[in-house]
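Trainee: Chain residues, written in single-letter form:
There are 2 protein chains.
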Amino acid sequence: MKEQRQLIMLPGPTNVPNRTIRAMMKPMINHRGPEFQALYESIMENLKYVFQTRNEVFVLTSSGTGSIECAVGNVVNPGDKVVVPVFGFFSQRLKETVIRRGARVIEIPVEWGHSPTAEQIEQVLARESNVKAVAIVHNETSTGVTVRDLPKIGKITKENNVPLIVDAISILGGDKLPVDDWNIDICIAGSQKCLACPPGVVVVSVSDKIWEVIEKNDTRPYYFDLVRARESSAEKATPFTPALPIFYALDEGLKIIREEGLENRFERHATCARAFYSGFEALSLTSYPTRHVRSNTVVAINVPSEVNCDEVRKIMRERYKVIIGSGLGKLEKRTLRVGCMGIISAAEVTATINAFENTLADLNFPVNFGAGIQAARKTFHS
Amino acid sequence: MKEQRQLIMLPGPTNVPNRTIRAMMKPMINHRGPEFQALYESIMENLKYVFQTRNEVFVLTSSGTGSIECAVGNVVNPGDKVVVPVFGFFSQRLKETVIRRGARVIEIPVEWGHSPTAEQIEQVLARESNVKAVAIVHNETSTGVTVRDLPKIGKITKENNVPLIVDAISILGGDKLPVDDWNIDICIAGSQKCLACPPGVVVVSVSDKIWEVIEKNDTRPYYFDLVRARESSAEKATPFTPALPIFYALDEGLKIIREEGLENRFERHATCARAFYSGFEALSLTSYPTRHVRSNTVVAINVPSEVNCDEVRKIMRERYKVIIGSGLGKLEKRTLRVGCMGIISAAEVTATINAFENTLADLNFPVNFGAGIQAARKTFHS
Numbered sequence: 095m096k097e098q099r100q101l102i103m104l105p106g107p108t109n110v111p112n113r114t115i116r117a118m119m120k121p122m123i124n125h126r127g128p129e130f131q132a133l134y135e136s137i138m139e140n141l142k143y144v145f146q147t148r149n150e151v152f153v154l155t156s157s158g159t160g161s162i163e164c165a166v167g168n169v170v171n172p173g174d175k176v177v178v179p180v181f182g183f184f185s186q187r188l189k190e191t192v193i194r195r196g197a198r199v200i201e202i203p204v205e206w207g208h209s210p211t212a213e214q215i216e217q218v219l220a221r222e223s224n225v226k227a228v229a230i231v232h233n234e235t236s237t238g239v240t241v242r243d244l245p246k247i248g249k250i251t252k253e254n255n256v257p258l259i260v261d262a263i264s265i266l267g268g269d270k271l272p273v274d275d276w277n278i279d280i281c282i283a284g285s286q287k288c289l290a291c292p293p294g295v296v297v298v299s300v301s302d303k304i305w306e307v308i309e310k311n312d313t314r315p316y317y318f319d320l321v322r323a324r325e326s327s328a329e330k331a332t333p334f335t336p337a338l339p340i341f342y343a344l345d346e347g348l349k350i351i352r353e354e355g356l357e358n359r360f361e362r363h364a365t366c367a368r369a370f371y372s373g374f375e376a377l378s379l380t381s382y383p384t385r386h387v388r389s390n391t392v393v394a395i396n397v398p399s400e401v402n403c404d405e406v407r408k409i410m411r412e413r414y415k416v417i418i419g420s421g422l423g424k425l426e427k428r429t430l431r432v433g434c435m436g437i438i439s440a441a442e443v444t445a446t447i448n449a450f451e452n453t454l455a456d457l458n459f460p461v462n463f464g465a466g467i468q469a470a471r472k473t474f475h476s
Numbered sequence: 095m096k097e098q099r100q101l102i103m104l105p106g107p108t109n110v111p112n113r114t115i116r117a118m119m120k121p122m123i124n125h126r127g128p129e130f131q132a133l134y135e136s137i138m139e140n141l142k143y144v145f146q147t148r149n150e151v152f153v154l155t156s157s158g159t160g161s162i163e164c165a166v167g168n169v170v171n172p173g174d175k176v177v178v179p180v181f182g183f184f185s186q187r188l189k190e191t192v193i194r195r196g197a198r199v200i201e202i203p204v205e206w207g208h209s210p211t212a213e214q215i216e217q218v219l220a221r222e223s224n225v226k227a228v229a230i231v232h233n234e235t236s237t238g239v240t241v242r243d244l245p246k247i248g249k250i251t252k253e254n255n256v257p258l259i260v261d262a263i264s265i266l267g268g269d270k271l272p273v274d275d276w277n278i279d280i281c282i283a284g285s286q287k288c289l290a291c292p293p294g295v296v297v298v299s300v301s302d303k304i305w306e307v308i309e310k311n312d313t314r315p316y317y318f319d320l321v322r323a324r325e326s327s328a329e330k331a332t333p334f335t336p337a338l339p340i341f342y343a344l345d346e347g348l349k350i351i352r353e354e355g356l357e358n359r360f361e362r363h364a365t366c367a368r369a370f371y372s373g374f375e376a377l378s379l380t381s382y383p384t385r386h387v388r389s390n391t392v393v394a395i396n397v398p399s400e401v402n403c404d405e406v407r408k409i410m411r412e413r414y415k416v417i418i419g420s421g422l423g424k425l426e427k428r429t430l431r432v433g434c435m436g437i438i439s440a441a442e443v444t445a446t447i448n449a450f451e452n453t454l455a456d457l458n459f460p461v462n463f464g465a466g467i468q469a470a471r472k473t474f475h476s
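So the protein sequences, as listed, match chains Z and F.
If you want our numbering, it's the 1-based position in the first sequence plus 94.
If you want our numbering, it's the 1-based position in the second sequence plus 94.
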């Protein structure tokens with residue numbers, strides 16, 4: 095593989111700080127020995143800080159999708175009813191995971207680019223009895239939508255005594271998400287998004303009150319069994335051999351978050367997202383999601399029909415060394431997505447807008463050259 | 095974590111060559127872009143060499159146990175009959191995975207330290223009808239037993255038209271295992287054992303003839319779905335975000351194997367295992383497994399009842415910086431296990447025996463001091 099300096103502006107994996115990369119330069123250790131226990135303790139402490147929780151938290155060796163199977167498989171049994179709002183590619187995947195589990199999905203269909211609302215959840219719970227769980231994607235990575243009603247939804251599910259499962263894969267560590275205050279029973283996230291670590295592990299928080307449901311479930315998955323994870327956790331270990339280098343990286347990544355402070359980190363993400371949206375708008379490109387539910391961690395923009403998305407991405411990559419994401423599913427040819435995660439700062443935002451402006455000019459698309467960068471800059475200096 | 099030079103003589107994770115560790119020092123890349131495709135191609139080619147197969151092979155982000163769930167979940171449905179020989183801790187785990195899947199286990203119970211035989215498999219298949227699969231651990235990491243009858247078992251399952259699932263987690267790359275010649279339908283292994291990579295991914299080979307069974311299975315697991323893995327593989331990608339640093343390491347680790355050559359590598363493991371057994375025997379310690387089924391990758395020895403295993407491991411770790419494995423399950427206080435994997439050479443074997451001799455002396459155990467090292471040395475010079 096040819097090495098070159100690239101800016102990875104994907105909605106994950108994202109750029110990983112050198113400090114975190116270097117943390118992986120350690121030799122292997124016994125995953126049941128004292129060195130690992132110390133590492134585990136450090137990760138647990140900082141992870142609880144990031145989740146803003148007193149719940150038990152876990153780190154599992156898996157991609158993000160595995161964590162969804164973990165959450166669903168531990169709580170939901172075949173035949174159960176699960177409420178799932180579907181408003182993009184990843185909420186569709188969540189729905190499929192529930193179906194594959196043999197459960198029945200009560201779908202709340204939402205137009206892509208919009209967010210499910212607390213009212214919708216409330217209505218469904220009023221209508222349906224014996225709902226086993228509400229499972230919701232908090233940040234729909236495919237459409238750039240954040241469910242801003244999540245705290246209200248958490249109140250409603252709590253009042254109805256229905257467990258709330260939240261897929262926060264692409265948002266934890268990048269925007270406000272106090273798991274306990276918002277009454278989230280299971281919250282999952284990936285290492286390679288706003289935590290700015292390499293992919294390879296997922297993090298999971300589990301509320302005290304949902305343990306009863308999990309323990310009663312006798313068809314829990316084997317690899318993703320949370321009861322087993324809890325037993326191992328008591329000995330400061332993982333149930334199965336952990337991806338050690340990613341654990342080393344996660345430990346460092348969490349320390350970086352703690353040093354910065356969550357509030358500062360959220361503010362930085364929000365400012366960079368505003369700068370992205372301003373920059374794109376100044377180039378006459380509109381945001382895909384409706385304004386009030388725009389994500390601070392994934393920026394999705396509409397692309398005029400005369401512009402070929404694949405070509406834009408190819409030129410940005412080859413000429414300007416900036417990698418951005420394509421649209422997903424039905425948005426493949428209509429949107430582009432930019433990650434606004436982890437180490438994101440004015441430098442990455444302006445470098446991305448700069449590469450984008452250049453690319454549009456290369457494609458002879460009439461562009462108000464410089465307007466994007468100017469608008470983005472203004473955000474940082476206002 | 096305090097850094098110190100340690101010799102990790104566990105039955106996995108094992109010592110990882112610096113070259114492989116350094117391979118992880120690369121920035122993140124787009125897991126759906128051309129750089130990843132090149133990496134994927136390179137891994138696939140060398141992985142087929144290691145599996146000695148023309149089958150399709152896959153790399154999944156998971157611990158070894160996840161690969162067992164993958165193999166079982168894709169082939170076996172609830173209610174199916176599966177033949178599982180149980181002769182140690184990990185074959186017990188395989189059995190549990192099958193049961194958790196809702197299938198019925200036809201257990202072949204085998205005394206620990208011994209190996210299931212081809213005759214036993216033949217008898218069960220003659221007696222039982224509608225067997226969905228034979229699932230067998232090839233190298234029982236808990237007892238140090240390798241199933242030397244595996245090629246015969248592969249012939250029998252083929253003749254009976256029953257799929258053969260082989261857990262080769264702790265042996266692939268360390269001993270002979272020609273997947274196609276031995277008629278293995280699904281073969282799984284971990285990155286952190288004889289491939290000498292960090293933990294975090296598993297490798298899977300899938301025979302042409304078992305795809306029909308897998309495709310028909312409509313309750314395949316979601317995260318570990320092999321049909322989905324095959325679809326992504328056609329585009330030189332993984333179905334879900336891969337643990338990139340471990341993929342970088344695996345690529346390097348497989349290149350190292352290719353440079354050495356499989357035959358040389360197997361010979362090296364076999365010689366080192368012989369040296370270990372000779373060394374321990376010269377110290378009057380006996381091997382736990384019966385002689386003809388001793389593993390070349392995991393060495394398990396009986397410990398006299400007057401010796402405290404935990405104390406031995408603690409002294410070896412703290413005074414001599416050599417980490418060896420404890421016994422598992424009912425062998426916890428009766429055996430010690432030493433990994434003979436990956437970069438294993440005369441240096442690691444003698445360093446381990448040396449530390450062990452010193453430890454026994456420290457514990458005032460009457461030991462023929464120097465006899466172990468002498469015997470081990472002789473193996474390398476004969």
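Since the hints were made in silico from the structure, they are not lab data.
Heads up, a few of these hints could be off.
What the hints assert, rightly or not - Okay, derived cross-link-like pairs now, DSS-like style, lysine-lysine, Cα gap no bigger than 25 Å in a straight line:
#: 1; chain 1: F; residue 1: LYS246; chain 2: Z; residue 2: LYS120
#: 2; chain 1: Z; residue 1: LYS415; chain 2: F; residue 2: LYS226
#: 3; chain 1: F; residue 1: LYS415; chain 2: Z; residue 2: LYS120
#: 4; chain 1: F; residue 1: LYS330; chain 2: Z; residue 2: LYS415
#: 5; chain 1: Z; residue 1: LYS408; chain 2: F; residue 2: LYS303
#: 6; chain 1: F; residue 1: LYS120; chain 2: F; residue 2: LYS175
#: 7; chain 1: F; residue 1: LYS226; chain 2: F; residue 2: LYS349
#: 8; chain 1: F; residue 1: LYS303; chain 2: F; residue 2: LYS246
#: 9; chain 1: Z; residue 1: LYS349; chain 2: F; residue 2: LYS330
#: 10; chain 1: F; residue 1: LYS330; chain 2: Z; residue 2: LYS330
#: 11; chain 1: F; residue 1: LYS330; chain 2: Z; residue 2: LYS120
#: 12; chain 1: F; residue 1: LYS330; chain 2: Z; residue 2: LYS427
#: 13; chain 1: F; residue 1: LYS120; chain 2: Z; residue 2: LYS120
#: 14; chain 1: Z; residue 1: LYS303; chain 2: Z; residue 2: LYS142
Claimed, not checked - Partner residues aside, some chain F positions facing chain Z, computed with beta carbon under 8 Å:
#: 15; residue: ILE115
#: 16; residue: GLY127
#: 17; residue: GLN131
#: 18; residue: GLY158
#: 19; residue: THR159
#: 20; residue: TYR317
#: 21; residue: PHE334
#: 22; residue: LEU338
Being a predicted model, the structure only gives us computed values, none of them experimental.
The C-beta atom is built at its ideal place from N, Cα and C for all residues, glycine as well.
Trainee: All hints are to be evaluated individually against the structure, with a verdict given for each.
Mentor: Okay, the hints, checked on the actual structure:
1. LYS246(F) / LYS120(Z): violated (42 Å)
2. LYS415(Z) / LYS226(F): violated (51 Å)
3. LYS415(F) / LYS120(Z): holds (16 Å)
4. LYS330(F) / LYS415(Z): holds (22 Å)
5. LYS408(Z) / LYS303(F): Not OK: LYS408(Z) and LYS303(F) at ~39 Å, beyond 25 Å, violated.
6. LYS120(F) / LYS175(F): violated (46 Å)
7. LYS226(F) / LYS349(F): violated (36 Å)
8. LYS303(F) / LYS246(F): holds (19 Å)
9. LYS349(Z) / LYS330(F): violated (35 Å)
10. LYS330(F) / LYS330(Z): With Cα atoms ~37 Å apart, LYS330(F) and LYS330(Z) exceed 25 Å; violated.
11. LYS330(F) / LYS120(Z): violated (30 Å)
12. LYS330(F) / LYS427(Z): holds (21 Å)
13. LYS120(F) / LYS120(Z): Between LYS120(F) and LYS120(Z) the Cα gap is close to 15 Å, so the pair holds against 25 Å.
14. LYS303(Z) / LYS142(Z): holds (17 Å)
15. ILE115: holds (6 Å)
16. GLY127: It holds, given that the least Cβ distance between GLY127(F) and chain Z is near 7 Å, below 8 Å.
17. GLN131: Violated, because the Cβ-Cβ distance from GLN131(F) to chain Z comes to roughly 10 Å (cut-off 8 Å).
18. GLY158: Result: holds, 6 Å to nearest chain Z Cβ.
19. THR159: holds (4 Å)
20. TYR317: Where the cut-off is 8 Å and the nearest Cβ of chain Z is about 4 Å from TYR317(F), the hint holds.
21. PHE334: Cβ of PHE334(F) sits 4 Å from chain Z, so the hint holds.
22. LEU338: holds (5 Å)
Hint compliance for this structure: hints 1, 2, 5, 6, 7, 9, 10, 11, 17 are not met, and every other hint is.
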